[in-house]
Each structure stands twice: as C-alpha cells, then as structure tokens.
Amino acid sequence: MTDTELRDKIEELIRDHPVLLFMKGTPEAPRCGFSMRVVQTLDALGVEYGAIDVLPALEPLREATGEISDWRTFPQLYVNGNLVGGADIVEEMFESGELAELLEVEQPAAAEPEPPSTNGAPPPGQSPPLQIE
Amino acid sequence: MAIELDEVRELILAALPGADVEVSDDTGEGDHLRAVVRAPQFADLDRVEQHRMVKDAVQERMDDGSIHALSVKTIPTAPGGASGDPDAGGGEAVTSGPDAESPPNSNRRDE
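Residue numbers (our numbering), protein chains in the order written: chain A, 1 to 133; chain B, 134 to 244.
Bound conformation, chain A alone:
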C-alpha cells in the first residue's frame, strides 16, 4: 500500500464512521494507558464506535494522520469526520459534558471516568511497526 493509498483509506474510514477511535491495541485489550482511558470514556457514554489498532502499522499511520489532521500521537478520536483530540481532550470534554453533547448521548449520572492507572505495571512495549511495502 502506498502512502497515498493508506491516506485515502484512512480518510475513507474517518468519513464512514461517525465515531472512530485510532488506538494502541483493541477496546478489549488496550495496549496503552491513554488508549484505555478513551475506551473507558466511550464505554461510559455507551456509544458505538469503530476502533482501529494502530500498532501493526504505527509509523505509516502516524505519518498519514499527521498529514490528514496534523496530529501524530495515538489515541485519536474522530466524531463526524472531525478530530476531537487525544486522551486528555476526550477526558476534559467528558467531564465537562461537552463530549456527551457532541455524541448526542446522555451524560452518565456518575460522570467520573476511571482514574488513569499509572500506578500499575508499565504499558507493554510497542510491537515493531510492520513494513507496509
């Protein structure tokens, strides 16, 4: 897949999914604390979302999202084709109720996401990026 093809594919995914999360790992098994926090936030809001594990092609995806959105770190949350941000922004917007408003869902009564788990084991190491060519 060329860089252009990859970028087109990502733009298509962003366009086709109202709520799309680029993350390290999967929602069932996040491989990074920041990605886990966004998964927990989206789950707390009960929204359906598409999730893409960036680890198999980390660097090409970093380049591609850098070109598309000028954002090179993961996780990245897109809603209706727009970049909302990474874990920090998502959490801020969750706590303020802005995220529920943006997603058109009810803010949960106990609007407290799980605290970031920085006291446990360090996040597992990243797998080496796949060579796309």
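Honestly, the hints are just simulated from the structure, not real lab data. Fair warning: there could be bad hints in the mix.
[As the list claims (entries may be wrong)] Computed spacing ranges between beta-carbons, pair by pair:
hint : chain 1 : residue 1 : chain 2 : residue 2 : range
1    : A       : Thr26     : B       : Asp153    : 37 to 43 Å
2    : B       : Gly198    : A       : Glu106    : 38 to 44 Å
3    : B       : Asp139    : A       : Arg15     : 40 to 46 Å
4    : B       : Glu155    : A       : Asp70     : 22 to 28 Å
5    : A       : Asp3      : B       : Glu182    : 21 to 27 Å
6    : A       : Asn80     : B       : Glu182    : 14 to 20 Å
7    : A       : Ile68     : B       : Gly163    : 27 to 33 Å
Owing to the predicted nature of the structure, the values given are computational and were not obtained by experimental measurement. Glycine is no exception: its CB is placed at the ideal position from the N, C-alpha and C atoms.
Use these hints to put chain B onto chain A, whose structure you have.
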C-alpha cells in the same frame, strides 16, 4: 532515555512566550510527562489547536524517543483583562471549554 523536565518546560516556553508552564513526571521514569500550560496565545483556539501548539514544541523530543508520552492540559488566560468575543467559534464542533472564562483551575481531574 529520560529528559530533564526543565528542558521540556523551556521548549514549551520558547514556543509560547509568556506562558505559565508546569511539567511533572507521572511515573518517575522520566518519559511519561504531564504538562499544564496556561497561555494567552490559546485565547481563540479550540482544544485541538491548543494541544498542537504544545506538542509541536516538543515534537523533536517525542520523535527521538526522549519523551514516550506527554499528557497535556491547556488553559487559556486573558492577556490583561477580558478580550475577544466569547461567542466567536460557538458553532464549531470543538469549542473552548468553560475554562476560557473561568479562573484557571488545574485540579479538575482526579489526582
């Protein structure tokens, strides 16, 4: 590979002169950092743009692996009194939060 917190602070300050920058080390290992940045430059920007300014400032040190992760909290400050139209950009999907008009408060998140 760790990085001095002061160096991170200086990089952010160089990009945002006059900002108030606090950098801390979340894990004690020097590569998962947290930056709280209060700056008048954030005034009319949405959160994504504010975070980009901070991340761009330290991009080189993220690329070279000195910083594995940087958690960012941005707080717009008023440059000497209220300025700007609070309604500006109100129709955007991502607008500045209540922080834009309320006093800076860095402790909104759980410790």
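Check each numbered hint against the structure and report the violated ones by number, ascending. Going through the list in order, the structure violates no hint and respects every one.
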